[in-house]
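Asks: Numbering follows this note's numbering, with no gaps: position 38 of the sequence shown is 38.
Wrong hints could be hidden among the right ones.
In silico SDA-like pairs for lysine to any residue, Cα to Cα no more than 25 Å straight-line [what the hints assert, rightly or not]:
#, residue 1, residue 2
1, Lys-427, Pro-30
2, Lys-427, Cys-438
3, Lys-240, Thr-176
4, Lys-240, Pro-322
5, Lys-240, Leu-321
6, Lys-186, Asn-241
7, Lys-335, Asp-324
8, Lys-186, Gly-420
9, Lys-335, Arg-357
10, Lys-240, Val-284
11, Lys-335, Thr-176
12, Lys-240, Pro-30
13, Lys-335, Leu-406
14, Lys-186, Gly-319
15, Lys-427, Glu-193
16, Lys-186, Asp-365
17, Lys-427, Arg-196
18, Lys-240, Ala-191
19, Lys-335, Asp-197
20, Lys-186, Pro-30
21, Lys-240, Ala-70
22, Lys-335, Gly-396
23, Lys-186, Ala-338
24, Lys-240, Gly-182
25, Lys-186, Gly-174
26, Lys-335, Glu-356
27, Lys-335, Leu-358
28, Lys-335, Pro-322
29, Lys-186, Arg-298
30, Lys-240, Cys-438
31, Lys-186, His-342
32, Lys-186, Phe-244
33, Lys-427, Arg-156
34, Lys-240, Val-380
35, Lys-186, Val-380
36, Lys-186, Arg-320
37, Lys-335, Ala-360
38, Lys-240, Glu-181
Don't read these hints as lab results, they were simulated from the structure.
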Amino acid sequence: MDTQTPWPAAEREKAQREKAQREKTVSATPLISLVVATRERAATLEGTLAACRLVAGDDIEIVVCDNASADDTPAVIAAAAAADPRITAVRRDARGSMRQNYGTALAAARGDYVCFFGDDDAPLPGGIAALRHIIRTERPDAVGWSLVGYDWPGARVGLEGGVLSLRARSLFGGLTRIDVEGIRGKFANAAIEYYRDGINIYHGCVSRRVIERVEADLGTYFFEPNPDLFSCISNLWYTKNYLFYGHPVTLAGVGPKSIGAAFSAVGAADGKGQAIRDQFRREVEADPVGSLIGLQVRSVPAHTFACVVKANEHMPAAGRLPVDARAWALMVLGKGNAQPPHEREATRLATRLLVERLGAPWTADMERAAEAMLAAPAPVYRGNRLKRADLLIPAGQGRIDQVVLLVERLLGRRPPPELGAGGGIGKALALAAAELRCRLLPLYRRG
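Using the sequences and the accompanying hints, generate a full structural model.
Replies: Pasting the structure below:
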C-alpha cells in the first residue's frame with residue numbers, strides 16, 4: 001500500500017519558524033552533519049565511528065541513530081560518544097524500518113548540510129576537507145562525488161581479507177557544475193546508468209534548504225522503503241546549484257551484513273543474505289509508507305523506475321516529468337538478465353504495473369523484451385575475481401578506519417578543489433603517483 005504519513009499543521013508551522021530563524025543566522029562556517037543510521041552491526045560500526053573521529057574540525061557534527069539494536073551497538077556508540085563530543089547519539093525506542101530510522105537520524109541532525117553513509121562505510125578526512133572548502137566557497141544546494149569501494153573481510157565469498165577497489169575514473173577529477181535539468185531529462189527517458197546518477201544524500205551532501213523543500217511538499221524527506229534511492233530522485237525537483245567532485249569524499253563499504261549485498265544477485269547466489277532480506281521485508285511491511293512495487297522485486301532498475309513514477313506523482317503538476325514508459329520498460333527488462341531466473345517474473349509484472357500506472361500501453365516490443373529476459377540463461381557469479389585496480393587487504397588490517405588511513409596515504413594530499421580546475425595532466429600525474437605508492441606497499445597484494 002502506498003500511503004503517506006501526515007505532517008501535522010503545528011509541526012509544519014514550527015519547522016517553518018525554525019527555517020526562518022536559521023536563514024537569519026546563516027553561519028560563515030556552515031555546520032556539516034555526518035549521519036550514520038545503524039542497526040545491529042556493532043562490528044563494522046566501531047570502525048565507521050573511529051573513521052568519523054579522524055575527521056578534523058568543530059564544524060563537523062557526527063550523528064549516529066540506533067534502530068533499537070539488541071547487540072553491542074549501544075556500547076560501541078557510548079564509547080565513541082565519550083571520546084568525541086561532536087557525536088550525537090540517538091536511539092529509537094522500538095525497531096522501525098530503514099526508512100523510519102533514516103528519518104529519526106535526519107531529525108536529530110542540526111547541520112546546514114547533511115551527508116548520510118552506512119555503518120560499514122566511512123568518511124575520508126581529506127575528502128571532507130575538500131567538501132568543507134566547496135561548501136564555504138560555493139554554497140551549493142548539493143554536492144556529489146565519485147566513490148571508492150571497499151569490501152570488508154568476510155563480505156566476499158571465499159576471501160578472508162578485504163578488497164579495496166581503486167578505479168582511475170573515480171580519482172583525481174575536478175569540480176564541475178552539473179545541469180540538473182539534464183539529469184531530470186535522463187531520468188525521464190531512462191537514459192541513466194544507475195540510480196546514483198541523481199542527487200544523493202547517501203554518499204552525497206544535500207543542503208538543509210533542499211531537505212526542507214522536499215519535506216514541505218511530501219510531508220517527509222524519506223518517502224520510500226529504499227530511502228537513498230528515492231531521495232536521489234526527489235532532490236532533482238528542488239536542486240538548482242549542484243556540484244560534482246570527481247574524487248572520493250567517502251569510502252563505500254560492503255560488510256558481511258550489508259542489506260545492499262543481501263538483495264543483490266550475489267547475495268541470492270550464495271544464500272547467506274536470506275535472513276537479512278526476510279527481516280528487512282518484515283520491517284518494510286510494518287511501515288505505513290510503502291512502495292509502488294513489492295520487495296519480492298529484486299531488480300534495482302525496476303525500483304528506480306518505481307521511484308521515478310512515485311516522485312513524479314507527488315510533485316506539483318507544473319513540474320512533473322514526461323516519463324517515457326517505453327524507454328523505462330525496455331531498460332528494466334533488458335537488465336533483468338542479471339537476476340536469477342526465478343526472480344524475473346516478478347520484475348516483468350512490476351514493470352507492466354508501472355507502465356500501466358503511467359497510462360501507457362504494454363506494447364509488443366515490451367512483451368518481446370520480457371520473454372527474452374525470462375528465457376535468458378542464469379548469470380554466472382564471478383565476484384571473487386580481483387581486478388588490476390584492486391588491493392587485497394589482510395583480514396587483520398581490514399577494519400575500515402585502518403583502510404581510510406591507507407587510502408589517504410595512497411591518494412596523497414590535494415589542493416582545495418576549484419570550479420573548472422582539475423583533470424588533464426594533473427590527473428595523469430596524480431594517478432601515476434598513486435600507482436607507484438601501491439607498488440611500493442609491502443603487505444598488500446594487487447589483483
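Asks: Return the numbers of the hints above that this structure violates; sort them in rising order.
Replies: Hints 1, 10, 11, 13, 20, 21, 22, 30, 31, 33, 34 and 35 contradicted; others consistent.
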